[in-house]
Every structure is written in structure tokens, then in C-alpha cells.
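Asker: Protein sequence lines correspond, in order, to chains X and Z.
When you line the first sequence up against our numbering, it's residues 1 to 309, in that order.
When you line the second sequence up against our numbering, it's residues 1001 to 1263, in that order.
No lab work stands behind these hints, which were simulated from the structure alone.
The model shown is predicted, which means the values in this text are computed figures rather than measured ones.
No residue lacks a Cβ here, since even glycine has one placed at the ideal position from N, Cα and C.
A few of these clues could be false.
Stated by the list, open to error - Residues from chain Z that face chain X, not an exhaustive set, calculated with beta carbons under 7 Å:
#1 1054
#2 1056
#3 1061
#4 1065
#5 1128
#6 1132
Stated by the list, open to error - To spell it out: a stretch of chain X is covered by chain Z in this simulated footprint if at least three of its residues, at any positions, have a beta carbon under 8 Å from a beta carbon of chain Z; those stretches are:
#7 95-103
#8 149-155
#9 221-232
#10 246-257
Single-letter residue listing:
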Amino acid sequence: MRAAVVLLISTVVDFRRKVTADVEGVIRSSLPRVRRAFSHSEAKEAFYRHRLPVRITHWINALCIVFLLGSGLNIFNAHPRLYWGMYGADADRPFFSIGSEDGSGGTRGYAQLEHWRIDTTGVLGWSKSDGEYDARAWPDWITIPSFQDLADARHWHFLFAWLLAINGAVYLTWSVVSRHLQREIVPTAADLRAVPSSIVEHVKLKHPAGAAAKRYNPLQRLAYMGVIVLITLMVLTGLTMSPGFDAVCPWLLEVFGGRQSARSIHFIGASLIVLFVLVHLIEVVLAGPINEVRSMLTGRYVVPEERAS
Amino acid sequence: MSAADITRRAVIAAGFGGAGALIWNANSLTLSPSFAHVFRAVEDWTRLSQRTLLLPGQLAKEYSAADISPTFKPNGTFDPGGDDYNSQVVQNFANWRLRINGMVSRPLSLSVSEIRALPPRTQITRHDCVEGWSAIGMWTGVQLGLLLKAAGLLSSARYAVFHCADNLTGDPSKGGEQSPRQYYESIDLVDAFHPQTLIAYALNGRPLDVAHGAPLRLRVERQLGYKQAKYIERIEITDSFANIAGGRGGYWEDRGYEWYAGV
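Using the sequences provided together with the hints, build the complete structure.
Answerer: What follows is the structure, given as C-alpha cells:
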């Protein structure tokens, strides 16, 4: 986790330095028309891409995901087995598990999906914490807190679960009311038809320029729509694990096929969010990290110029 | 650069600095007594939210016989041991007494057979461990509310505290540190008078075995496993648990877990 923080901070610091030299006096007014007039007077075309609610909720979300993932993996370590159905414990068959096993060559860590097992010694199941090998599913460098403690991990998880849910509710409400969601996120029929060509462009690492760069491309729309659905799914499957909330909404158990299924879906959903974040960060780097990160901080996005091909 | 730009830069820098500091110091914050207030506020907020949404009589889902777990995993103490408990096992708990005292007008002392003679309730429910696993079992017992009505609660009563015969001397890696303290738990009166809250004496149609809490254990179905106290000897009705053991209302609560275990 600390290595990730160092990377994040150095990126931000670096970025701040460049922004200071770059954006002076560009956005002086909150009036979009005036802003457009300003940006037209620049050599490159810039426009106001991300509105304030998007920027604020984006960064709160990012912080929540860091803490929810770290604490969630610590919680997972308390029972590193996943089941389908209404119940599941030691005597029942998991479809996925992380563990350790003593063999002739010492203790080995493993991850197992159905009958397919891989040796993960040093990372999953059997890893060093505080200089000594320990039987823990996820290693100390990724969990919050780094030491194994279910009670503490739950405290962090619920703190940021509330923040995520409130932040998500604010974002969704604003997005629907301002029509951000309908206009900019939900893929249109044309977007869906353009998915194959968008895939080709992404594979070629070609990024839209000119007018096309002012709107989200079809894969972006699908990805952002997908992550909204995923986070909603995380909140719902999280609630389904609560025996108290199950008494309020027993139908959640039916929707997800039982508490253990909900727990498994929660884990798979978390994995998909990690996948989203990785692809998201790679795309930010490929599309021009300074321009992209700046647009999520100040709103101002410089439209990439169209190149003759 | 305008003043607004500078303010914005300061806000952004402070935000990232704060977030970085939070991640960087997560371990020390976890252990800091002042940050514990934040966590406790979240717990209160969670409890109040669930108490608002959850109607007092709303039931935990009841399952069918086909849904019962083939093996109901025991956890915590598997056998309290000790001369007193062992002799109770030998006598098949014929001399076990459940006492109900504290803020009641008629303190009670009941034998297991007296409790078995009361109107029973049988329910097939899911046991959710805080660790993440679940097991479904069929519990039979007497509604706690029935016993509390018989004892007559004083108007000052707020909690039922369950004093147990075990001191959780299980595997330290699983059950926490070895403790000379007896296991105990507490619930509020909303849960104490909930129709599914039982003093249970049977699991899946058979008398409770030692690993599952013989002869009497608590079932409070809208909360997690550690609330389901086993080997109950005494129910103390009180207006506060601040002076009992660690003061947090339960064995695991004294070790950092939430008193309200609905999540």
C-alpha cells in the first residue's frame, strides 16, 4: 500500500509542478461561454470537461476504494474461502480458497479455484509479515491494517462503506438531475453500434482527437456505466451479508442466491473494480496523464489536436 | 493567478495530503484511542440506521429443513471443561440452573427440564459468523421474552447480560488470547423480546451437544455469531454493562468488536 502511495504522491507532485506552469489564467470565469471564448484564444483548444460534483465524488471514491479494498482483504483473511449458496463453512466445499499446506519442502501457500490449484508461496496463503512467514491469505502489504485483525479491518470497512454509499448517492442524484448520467454516461444505440470500432481503436492505442475527444467514447461509457453498476452491486451484496439488514430486506437473499453467494459476488465485484481501476490508470497514462489528471482536478481539458494520418 | 485559484490549489493539496496521510498512517490510526471515537461513531450510526429500518418484530429469514447445513460448524469454545462443567456433563445437566436476576421483581432459578416444559419455539435460521462463514440449523428453545415476563422487568431495565460457563480457552490463533474471564454477552430489550430470540436447548432436533453450547445457549437471529452466547448460567438484567468485565458488553466487544452485531 505504501509503495502505491509513493507513486501516487510523486505523480501528483510532478503534475502540480507542470500545471502551475501551464494553466495560468485559462479559467477565470465560471461562465461556460466566457470560458469557451478564453480557450479559443489559446493555441490549443481547451474546454471544461468535468464539473465540480464529478471531480469531488471521483476523488472521494478513489480514497474509499483504497480503504475498502485493503480492509476487505483483511476481512477476507478471517475466512479465506468462498462458497455458493445459503450457507458455507469449514465442512462445506468452497469454489475458491486461499490457504497454506505443510509439505516435505516446508509450508507452501496456494490459491485454489475449483480443483485448479496454483502455488502462491510468498504472496497468497503463506507470506512474510514483520520479517516472519505467516499463514495469511492476503499479504500484509495490501491489507488495512497491515497486521491481521478482523475487528479493526471491519471498523475501516464500515467507515468507508458509509462514505462510499453517501458519496455514490450524491453522485447519482446529481447525475440524474443534471442529466450528466443520461447524456454523458449511458451508452446510446450509436455508441453500442460503435463498440467494435472503438475496441479496434483502443487496441491500436489510438485516442480520439478533436471534437471526438470532447465526449466519452463508447468503451468509456460502457466502463463508467459498468463501474456504477458494480459499486451499486457492492453496496447491495455488502448489505446482504448483514443479518440485521437481511431481516429488513429478505428479498436481497433471494436476488443473490443466499448470504454466501452474496459474499462471493462481493469478492468478485471487488476484483472487477480492481480490474477497472488498473485499466482506468493505464488509459490515463496512455491518453496523456497530465491533461487527464488536470481535467479531473480543475475541470479543464485540452483537446488533443487532430493529426494528419 | 487569482485568489480563487490559490484557494483551490490549497484545497486540492490539502485533500491529497490528508488522503495520503490517512493511508500512510492507517496502522497507527487503527490503534490510536482518539481515532477509536471515529469508529465508535460509525458503529452508533450503523446501529441507529438499522434500528430505524428494522421494525422490532421483523423476523430473520426462516429456512426449510432441506436447507440445513450437513455440518453445523461450532466455534469459540468447543468444551468449557473444568471440574464443575465436566460433572454437569456426566449428570446430563440435571443440576444445571439458569438464574435470572438483577433488575427484576421476581428473580428466577430454572432447571433445564423446567425450561423444556415451557412452550417451545422451533426455527430454522442462518448463523452468520463475523469471520464470514454461515451455517443453517434448526433451533428449539423457549422465547427469552417469556422468561423475562415471568421474572418481571423493572422499569429501569435496559439490557440482558448473559453470563456463561466458558472462558474461551480455545486455540489462541482462532479464539484470541487465553483469558481468565468468563464469556459473556449482552443485548438490548428490543432483541431480548424479539419472537426469534430463544434460550435454545436443541439443535436439529437433538439436545445441544457440548461444542454447540450445552445445555442452554442464546439465539438472537438478527445479529452475528459472537452474540449467540453458549453455556448460559445466568441472565442479569441491568441498566448498564459499563461495570461488567471490560465494560463493552461482551467478550468480543471487549476485544474491539462491535456491540451491535447486526452487520
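Asker: It remains to establish, for every hint, whether it holds in the given structure.
Answerer: Against the structure, the hints come out as follows:
Interface restraint check: residue 1054(Z) against chain X, minimum CB-CB distance 5 Å, threshold 7 Å, status holds. For residue 1056(Z), the interface hint is violated, since its Cβ never comes within 7 Å of a Cβ in chain X; the closest pair sits about 11 Å apart. Restraint check, residue 1061(Z) versus chain X: the minimum CB separation of about 5 Å is within 7 Å; hint holds. This hint is violated: residue 1065(Z) has a C-beta 13 Å from the nearest C-beta of chain X, more than the 7 Å allowed.
Interface hint at residue 1128(Z): satisfied, since its Cβ lies 5 Å from the closest Cβ of chain X, which is below the 7 Å cut-off. Satisfaction of the interface hint for residue 1132(Z) is found here, the shortest Cβ-Cβ separation to chain X being roughly 4 Å, below the 7 Å cut-off. Here the segment 95-103 of chain X counts 0 residues with a CB under 8 Å from a CB of chain Z, which misses the bar of 3, and the coverage is violated. Under the rule that three or more residues need a Cβ within less than 8 Å of chain Z, the assignment of the segment 149-155 of chain X holds, with 6 such residues.
Closer than 8 Å: that is the beta-carbon criterion, and the segment 221-232 of chain X has 0 residues meeting it against chain Z, so the requirement of 3 is violated. Requiring three or more residues with a Cβ within less than 8 Å of a Cβ of chain Z, the coverage given for the segment 246-257 of chain X holds, as 5 such residues are present.
In summary, the numbered hints that this structure violates are 2, 4, 7, 9.
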